[in-house]
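> Based on the hints, put chain B in the right spot on chain A.
Each chain is listed here by its residues.
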Amino acid sequence: METLTDSDQTDNTVTVQEKIWARLLGKRAVVIGGSIVACFIIIAIVTPWIAPYSYEEQSLSHQYQPPSNEHLMGTDSKGRDLLTRIMYGSRISLAVGFAATSVSILIGIAYGTIAGYFGGKIDNYMMRFVDIMYGIPFMFLVILMMTILGRNIYVLFVALGAVQWLTMARIVRGQTVTLKEREFVEAARALGASNFRIITRHIIPNLMGPVIVFATLTIPTVMLEEAFLSFLGLGVQPPMASWGSLTAAGIAVTSPVKTYWWLIVFPGSAIAVTLFSLNFIGDGLRDVMDVRNNKL
Amino acid sequence: MIRYIIHRFAWLVIILLIISTVSFFIMRFTPGGPFDKERSLPAAIEKNIQAKYDLDKPLFTQYFLYLRNLCKGDLGPSFKYRNRTVNEIIGGSFLVSALLGGFALIIAFDIGITIGMISAVRQNSAFDYLTMFIAMIGISMPSFFLGMLLMILFSFKIELFPPGGWGGIGHIVLPVITLAAPFTAYIARLMRTSMLDVLKQNYIQTAIAKGLPYTRVITNHAFKNAVLPVISYMGPAAASILTGSVVVEKIFAIPGLGSHFVNGALNRDYTLVMGTVLLYSTLLVILNIIVDILYMYLDPRVKQ
Numbered sequence: 026m027e028t029l030t031d032s033d034q035t036d037n038t039v040t041v042q043e044k045i046w047a048r049l050l051g052k053r054a055v056v057i058g059g060s061i062v063a064c065f066i067i068i069a070i071v072t073p074w075i076a077p078y079s080y081e082e083q084s085l086s087h088q089y090q091p092p093s094n095e096h097l098m099g100t101d102s103k104g105r106d107l108l109t110r111i112m113y114g115s116r117i118s119l120a121v122g123f124a125a126t127s128v129s130i131l132i133g134i135a136y137g138t139i140a141g142y143f144g145g146k147i148d149n150y151m152m153r154f155v156d157i158m159y160g161i162p163f164m165f166l167v168i169l170m171m172t173i174l175g176r177n178i179y180v181l182f183v184a185l186g187a188v189q190w191l192t193m194a195r196i197v198r199g200q201t202v203t204l205k206e207r208e209f210v211e212a213a214r215a216l217g218a219s220n221f222r223i224i225t226r227h228i229i230p231n232l233m234g235p236v237i238v239f240a241t242l243t244i245p246t247v248m249l250e251e252a253f254l255s256f257l258g259l260g261v262q263p264p265m266a267s268w269g270s271l272t273a274a275g276i277a278v279t280s281p282v283k284t285y286w287w288l289i290v291f292p293g294s295a296i297a298v299t300l301f302s303l304n305f306i307g308d309g310l311r312d313v314m315d316v317r318n319n320k321l
Numbered sequence: 005m006i007r008y009i010i011h012r013f014a015w016l017v018i019i020l021l022i023i024s025t026v027s028f029f030i031m032r033f034t035p036g037g038p039f040d041k042e043r044s045l046p047a048a049i050e051k052n053i054q055a056k057y058d059l060d061k062p063l064f065t066q067y068f069l070y071l072r073n074l075c076k077g078d079l080g081p082s083f084k085y086r087n088r089t090v091n092e093i094i095g096g097s098f099l100v101s102a103l104l105g106g107f108a109l110i111i112a113f114d115i116g117i118t119i120g121m122i123s124a125v126r127q128n129s130a131f132d133y134l135t136m137f138i139a140m141i142g143i144s145m146p147s148f149f150l151g152m153l154l155m156i157l158f159s160f161k162i163e164l165f166p167p168g169g170w171g172g173i174g175h176i177v178l179p180v181i182t183l184a185a186p187f188t189a190y191i192a193r194l195m196r197t198s199m200l201d202v203l204k205q206n207y208i209q210t211a212i213a214k215g216l217p218y219t220r221v222i223t224n225h226a227f228k229n230a231v232l233p234v235i236s237y238m239g240p241a242a243a244s245i246l247t248g249s250v251v252v253e254k255i256f257a258i259p260g261l262g263s264h265f266v267n268g269a270l271n272r273d274y275t276l277v278m279g280t281v282l283l284y285s286t287l288l289v290i291l292n293i294i295v296d297i298l299y300m301y302l303d304p305r306v307k308q
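Protein sequences appear in the order of chains A and B. First residue of the first sequence: 26, per this note's numbering; consecutive thereafter. First residue of the second sequence: 5, per this note's numbering; consecutive thereafter.
Chain A with its partners taken away, still in its complex shape:
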């Protein structure tokens, strides 16, 4: 994607990447969504330096304070500043989204290229395996894994990534099957390139388009799943908090008699706004790169 400033271009040629960038930047939804996500990422990174309060500091005299100048988003059941907690929560939520998506990309690309490239029986068995896995209600297995293996955040990364790689593998395999018939692959083979080299140097770079598009749409899915698990109490464990577990904590203290709306609305909105922006970016990317996959 950095080819925008490649020095070997003459002034008149416009590369595919430049066209894609131009069309992407022409889409208002993508630009706005991208800016929001970029803001959140920057905030997540610099949180330790800019957070208004300490993350864990409890103050029992300041419980359940509604939003005020002192605490912009109010305080929670232990008197902790909600804004600070949401800022720290963004680190977890975004990290889970990106890390689990990376896991799914790694597995999906490795699996899909091998199946697609070698074809025949290997392909048949490997994709049949994917078909079987599709029949398994994976979220339930993740719940099972989280219950059994302990509620560790790294288990969460891997478990969620392991759920998402199936579709990625299918997309990659489909791309590989067509790519391996192309002339440049044949040329590389004629020059004596090894299978490994052909896959890593010629096939994988050429299937990144659909992979990026699908990955952009995987991040919100994974974040939603993390929120879902944290809500059930099976995800991120205290004192750490993600947006999902913060919302869950807000829901837990809500009753018909007392409603602390800010404890639900702010973290919940943080999730919704982020997912909303990511979905818009993914949609825009799909339109621009012209990846047609209605089935997704």
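There could be a bad hint or two in this list.
Claimed, not checked - Restricting the straight-line Cα-Cα distance to at most 30 Å, the calculated cross-link-like pairs of lysine-lysine (DSS-like) are:
1. A:Lys52 / B:Lys204
2. A:Lys44 / A:Lys205
3. A:Lys44 / B:Lys161
4. B:Lys51 / A:Lys103
It should be emphasised that the hints constitute simulated quantities derived from the structure, not laboratory data.
Just chain B now, with coordinates in the frame of chain A:
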């Protein structure tokens, strides 16, 4: 066709075998059993309990005993609710979850398809932009957030519906809306995209050129092809509705399968969790087979 269905059912058996095997061994190999308590029981009682649930036998004997009972449709006794079998627990709550999920699916498909079609026909109109914007919000909103907002608004502030529980018609409304919302949104978007594709096809132009009324072209000619991607989405949708119902049942305190599953997982009730996972898997595979058959019926091109 019949061969295909038999084939698929064979896969179902294999999937169930894999799930039961893997979950059985993972559960047994991890520390912490269902009878771990702060207060340790006298050794003799401990032994009796272990004997009652076959926990004292070698691992493989336990496994085969479990499989044998499974074949008979017996999911075993619950480890947590000592006097009830898993079959009883699941049987009682399954109907509740099925009702909830069924309603949600029907609503999602009806409303989603209608909105998607109108948005496609009136592409770039205010209706199109507004509904697609709302649909994107629907997709991006975690169901517990939506469910809680609905509960605060329509149960706490305006006392329109009961905030939870199960029994009357009023109890169903908010959970079904919560459960159906993301799917309605997704289907609306899917239907719109696919309808736009179909409307560009030549046979639609031909039908319009022949002078057929536009509404008939849409509802008869275009609809049949445009709905296909939505049909194939039904399989994954059913799976997600199963997952979603776990959250919704927890928020609205509905005594469904999902709440038993979560409680089972938190209490390490081996048999209950496995029974639920097996039931979910069976349901999922059967739904997928139905979707495939339906798809073949609707689109003769994919007949194998």
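> Sort out whether B:Lys161 lies within 30 Å of A:Lys44, counting only the CA atoms.
52 Å, violated
> Given the hint that A:Lys44 pairs with A:Lys205, test it: the Cα-Cα distance must not exceed 30 Å.
With a Cα-Cα distance of about 26 Å, the restraint between A:Lys44 and A:Lys205 holds, given a limit of 30 Å.
> Given the hint that B:Lys51 pairs with A:Lys103, test it: the Cα-Cα distance must not exceed 30 Å.
44 Å, violated
> Quickly compare the C-alpha distance for A:Lys52 and B:Lys204 to 30 Å and report which way the hint goes.
With Cα atoms ~23 Å apart, A:Lys52 and B:Lys204 stay inside 30 Å; holds.
Taken one by one, the earlier hints fail for this structure at numbers 3 and 4, listed in ascending order.
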